[in-house]
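Chemist: Spelled out, the chains give:
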Amino acid sequence: MKTYRTHLLLCGGTACHASGSMEVKEALEKEIVESGLADEVRVIATGCNGFCAQGPVLVVQPDSIFYQKVRVEDVPELVEEHLLKGRPLKRLFYVEPASFETIPGLEEIPFFSKQLLRVLRNRGILDPEVIDEYIARDGYQGAGKALLEMTSEEIVGQMKKSGLRGRGGAGFPTGLKWEFASRSKGDIKYVLCNADEGDPGAFMDRSVLEADPHAVLEGMIIAAKAIGASHGYIYCRAEYPLALRRLDIAINQARDYGLLGKDILGSGFDFDLEVYQGAGAFVCGEETALMHSIEGKRGMPRPRPPFPAHQGLWKKPSVLNNVETLANVPQIILNGGDWYASVGTEGSKGTKVFALSGAVNNIGLVEVPMGTTLREIIYEIGGGIPENKKFKAVQLGGPSGGCIPGHLLDTPTDYEAIAKVGAIMGSGGMIVMDETTCMVDMARFFLDFCQEESCGKCTPCREGTKRMLEILNRITEGRGEMSDLDELEELAVFVKDSSLCGLGQTAPNPVLATLRYFREEYEDHILEKHCAAGICADLYQAKCINACPVGQQVPGYLSLVAEGRYDDAISLIYQNNPLPGICGRVCTHPCTDVCLRGQTDEPMAIPQIKRFAADMARKKGFSITINKAAPKGQKVAVIGGGPGGLAAAYHLVLLGYEPTIFEELPKLGGMLRYGIPAYRLPRDILDQEIQFILDAGVHAKTGQRVGRDISLEHLVEDFDAVFVAVGAHKSLSTRIPGEDRPGVRGGAEFLREVELGAVPEVGAKVAVVGGGNVAVDVARTCKRMGAEVTILYRRERRDMPAYEEEIEDALEEGIELKVLVAPKSIRERNGRLVFELDECELREFDASGRRRPIPKEGCVLAEEYDTIFAAIGQRPDLSFSQSVESRRSTIVTDRRTLKTNLPGVFAGGDAVTGPARVVDALAAGRRAAVEIDKYLAGIRGEAPEEERKEEISITMEVPEEVIKQSMAVMPKLSPEERIRGFAEVESGFDEEMARKECGRCLRCDVKLG
Amino acid sequence: MGKLTIDDLKKIKERVKRDTALREGGSTVKITVHMGTCGIAAGAREVMEALLQEMSETERQDIRVMTSGCMGMCSSEPNVTVEMKDKDPVIYQHMDANKMRQVFKRHVLLGEAQTDFALARMKEPQHEGEDRI
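Residue numbers (the working numbering), protein chains in the order written: chain A, 242 to 1250; chain B, -19 to 113.
Accuracy of the hints is not assured; some may be wrong.
As the list claims (entries may be wrong) - With a straight-line cut-off of 25 Å between C-alpha atoms, the simulated SDA-like cross-links for lysine to any residue are: (1) B:Lys(-10) - A:Ile490; (2) B:Lys(-10) - A:Arg362; (3) A:Lys355 - A:Val371; (4) B:Lys(-9) - A:Gly499; (5) B:Lys(-3) - A:Asn493; (6) A:Lys243 - B:Arg25; (7) B:Lys(-9) - A:Lys942; (8) B:Lys(-9) - A:Gly502; (9) B:Lys(-3) - A:Asp959; (10) A:Lys243 - B:Cys54.
Claimed, not checked - Beyond 10 Å from chain A on every Cβ pair, some chain B residues (computed): (11) Asp(-1); (12) Glu4; (13) Lys10; (14) Thr12; (15) Ala21; (16) Gly23; (17) Ser55; (18) Met64; (19) Lys67; (20) Ala77; (21) Gln82; (22) Leu89; (23) Ala100.
Think of the hints as simulated: they come from the structure by calculation, not from any bench. Just so you know, even glycine gets a beta-carbon here, dropped at the ideal spot from N, CA and C.
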């Protein structure tokens, strides 16, 4: 046999086939011959390597180099560099999504290194079309042992000992199933393999059949010996052509070697099998329907008992196992049941293969020990969620399963543990969903699938799923009612309990699970006709509008600016937002994260344009007409003059009320003024926009602290309603020894003092602990006061919650950032503070989807500082009242009506949610105004005000062609100029830039046809 | 091929195992033929051919043949580095087919470094990341 120095293991699975691996194989072979390497290097097409998202993938052995996304064009360079010159081609290496590190070696890629391969042990190593290679990897040794050395009882005994449970999803103990069938009396028995994998998101079985078909055949031979069968069928859907082809080759090779047929391995045992191609009905995955289908009848289930172990195919005792179950069998027989049971949990032994897909970096096939948590699979192996998006839920078991939300990610992969949280292990489909998924739509999709696949034999499944689907369609179209939810639940339970087979019994699961964990999303669709993810077509306005908490008509004002209609643009913005100049500067812009243009090149510069429109209005002196409702003669007290209070007051005026803001500090603005430094938000802009609100008819009493100067009870008595929006101004403590020393201070308090003009002395050397915006603001403020500043953060830079732009600006300005350090203690020495810090390393992922920092043993740093700021978060100061109900330092309200426990008292913003975005406070203020109107109108016995909006005509046209053009870059002061004072860093777009930028909008708000 | 017995299975396994073992990574001997432009010009290709011929004649499954670029001493090419587990790597210089056969038979199989051909004995693995042997 010829010896080659290098083997190129090119993945030949279906996914890599689709991405062009066979063309790459041809090109490689040609290039190798041309380079004179034909005697040294061999190309092998293997079964699925598992890392499907990176396909076509190529592993070079013995070097263990992993190449991803190999194209035909890459081949000449690859052969020249790696195979001729021995220099691995770096540009095709894998890049770790979390760290952006380039990783060459197969073993070092977390996706592979964290897996335990048993079922998939031959993947990417064997040529699945060469039986000798399977034999070289202990192939058919298990069958040999079972046929020559073991009795039927011994085989069943080992299977029972192994604890293997049916991998098709139901989890019935395999050994027990075999025992029933082996004890069942009958001259003819059958072994059946269920390869009818059909649920969306599952591709484990296909991959096993493609990568290691002999393992399944060997498993069936052993099962046949165990139950005394001489014939078998593999029921595989016709839509798996590659799996069918490889099965066919494998069966023929096995027959040639006498491993199928008469007297296998000289044991006297006969067994042969054939492949039966299914037409792709989902219900044929159900065992009795599958058997009907093989018998040539229509694929429909029948009631059980009799169970197939007694009366199965053609009324003969039969055993039906899933592909993955059977592929486990040879190893169990070869190594013993105890070996198999050595990994896993109490009730779930061995490993499980999952098809990981959806919103996850490393899409592919994953095999892990049972008991591995979902978090480990999704984050450690899957590499987390792409594009910094937030995890929302993971769907297990496809249309028969349920979703599991973020707070339950530590659930282990164990049949019972997963059932407990409302999902099922299923056959292994694991679909990860991020915040851009609408859970109502997701449930609708799966139910639609089951409804179409329902065979129609039993009424609950046929009619019940249809009725449920109608309700879900109604909800996603914005025609739902709250009573629909009860009806859905009732129907779901009915269909589950009374359907004939597994299809109907599990079809309501996605609906039940989403109702359990995401009921609020259903309510949003019904009550507010709002789909935050922007998925449901009838509730869709534009990606940006659906994502914006205040529903800004973004494409509208972009189009108006593009046309130079600045006065109309600002009027349109004011309909939803009374602080446009402020939002244009400091909003965290959830709109740009979802912007459709971002999929072409870069998202639109949405806040920058809003700022431009506001600045233009100010410069040109546009008057914004306010369309007020008739005065109602009722007064509302607003506690807190921050963005929430200001927005509430403004919208209350529009609704015909007379609001009065009570503010403790000398000026209005709250965190906008006392938390955001002037270099980010110039005070003249703030003053002007607040003045506009006051001029509209809002009273303000500054320097008045509720609870000190005036009591809440007083306000409740004097006013018709009260809105509490006191924000979150108190810094959280670090809880370390020495934090009460002078010179150790809260970040939020410091920013407030600076704004109040008290200019506190910070000394020459300052440390700021924290990674959020307050930390960065404190650092940049101290820098402008002449100090040398270091930000200390316990995780990595990419984990910092502060805006990336702000961090970059801070670093440009000469602020030092030290990561992976956590505060330990503060001492004093010679009038200076000695700050002891633990050096940290990042370990497992925590609930936030980031790695947890853990202090390294014996690695303590000590640095001297003059001032140390704690900026690790804030909480509300609720000392203004004892009677308002609170939980964990925040006020408790109804999520939708914002009502507190006190009648007529509403609350919103940071005081309710904890520190959040400016735009969330604005949205809460707006909601409060509407809810207060509903409340007061109810008392008056009138109907609440209708929304009043002036019609502004907007051109509804989509661009005819899209030319690649990046987002316009915001002009900025140089770092040297910046740190000299508090002048605004960003100077804004000019007219030409702004109009050109607006022309980039793809207008996904325009409804075509 | 006719009907297999359990012994036939073992024979097939032995015969094919070397190939599949190669794909699992891991080895005790790594032989690197330096195949930069200079190495190839100086005859590294013939060295490689001789080496692969030797490889096909041995039963050993723990030997890996690799290529790499020029080491920077073009005048000493063709170079071959032999790294054995727990031993310092040895670099050979001015190799040809015959020397390669000798190095393989003596050094690789028997553990006797052929100091006559050696350029140097290295204390460390040559390059970062190449210490996986």
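Chemist: Indicate, hint by hint, whether the structure satisfies it.
Modeler: Hint check:
The suggested pairing of B:Lys(-10) with A:Ile490 holds, with an alpha-carbon distance near 22 Å, which does not exceed 25 Å. The straight-line distance between the Cα atoms of B:Lys(-10) and A:Arg362 is roughly 19 Å, inside the 25 Å bound, and the hint therefore holds. Simply put, A:Lys355 and A:Val371 have alpha-carbon atoms about 29 Å apart, too far for the 25 Å limit, and the pair is violated. Between B:Lys(-9) and A:Gly499, the direct Cα distance comes to roughly 16 Å. Compliance with the 25 Å bound is thereby established for this hinted pair.
About 22 Å separates the Cα atoms of B:Lys(-3) and A:Asn493, which keeps this hinted pair within 25 Å; it holds. The straight-line distance between the Cα atoms of A:Lys243 and B:Arg25 is roughly 18 Å, inside the 25 Å bound, and the hint therefore holds. Straight-line distance between C-alpha atoms of B:Lys(-9) and A:Lys942 comes to about 95 Å, which puts the hinted pair past the 25 Å bound. This hinted pair checks out: B:Lys(-9) and A:Gly502 have alpha carbons roughly 21 Å apart, not beyond 25 Å.
In summary, the hint linking B:Lys(-3) to A:Asp959 is not supported, as the alpha carbons are separated by about 90 Å, beyond the 25 Å threshold. Distance restraint check for A:Lys243 and B:Cys54: the Cα-Cα separation of roughly 31 Å exceeds the 25 Å cut-off, and the hinted pair is therefore not satisfied. Listed as a non-interface residue, B:Asp(-1) fails to keep its Cβ farther than 10 Å from every Cβ of chain A; the least gap is roughly 7 Å. B:Glu4, annotated as away from the interface, has a beta carbon of chain A within 10 Å; the closest lies near 7 Å.
Not every C-beta of chain A lies more than 10 Å from that of B:Lys10, the closest at about 8 Å, which undercuts listing it as non-interface. The claim that B:Thr12 is not at the interface with chain A is violated, since a C-beta of that chain comes within 10 Å of its own (minimum 7 Å). B:Ala21, annotated as away from the interface, keeps every beta carbon of chain A farther than 10 Å; the closest lies near 12 Å. For B:Gly23, the requirement that its beta carbon stay farther than 10 Å from each beta carbon of chain A is met, with the minimum near 14 Å.
With 10 Å as the threshold on Cβ separation, the claim that B:Ser55 sits away from chain A holds: the shortest Cβ distance comes to roughly 18 Å. The beta carbon of B:Met64 sits about 15 Å from the closest Cβ of chain A, which is more than 10 Å, so the claim that it is off the interface holds. Here B:Lys67 stays apart from chain A, with its beta-carbon at least about 19 Å from theirs, past the 10 Å limit. The Cβ of B:Ala77 lies farther than 10 Å from every Cβ of chain A, with a closest approach of about 14 Å, so its non-interface assignment holds.
Annotated as non-interface, B:Gln82 keeps its C-beta farther than 10 Å from every C-beta of chain A; the closest such distance is 19 Å. Chain A leaves B:Leu89 outside its interface by the beta-carbon criterion, the shortest separation being 15 Å against a cut-off of 10 Å. Residue-level check passed: B:Ala100 sits 19 Å from the nearest beta carbon of chain A, beyond 10 Å.
Comparing the model with each earlier hint shows violations of hints 3, 7, 9, 10, 11, 12, 13 and 14; every other hint is respected.
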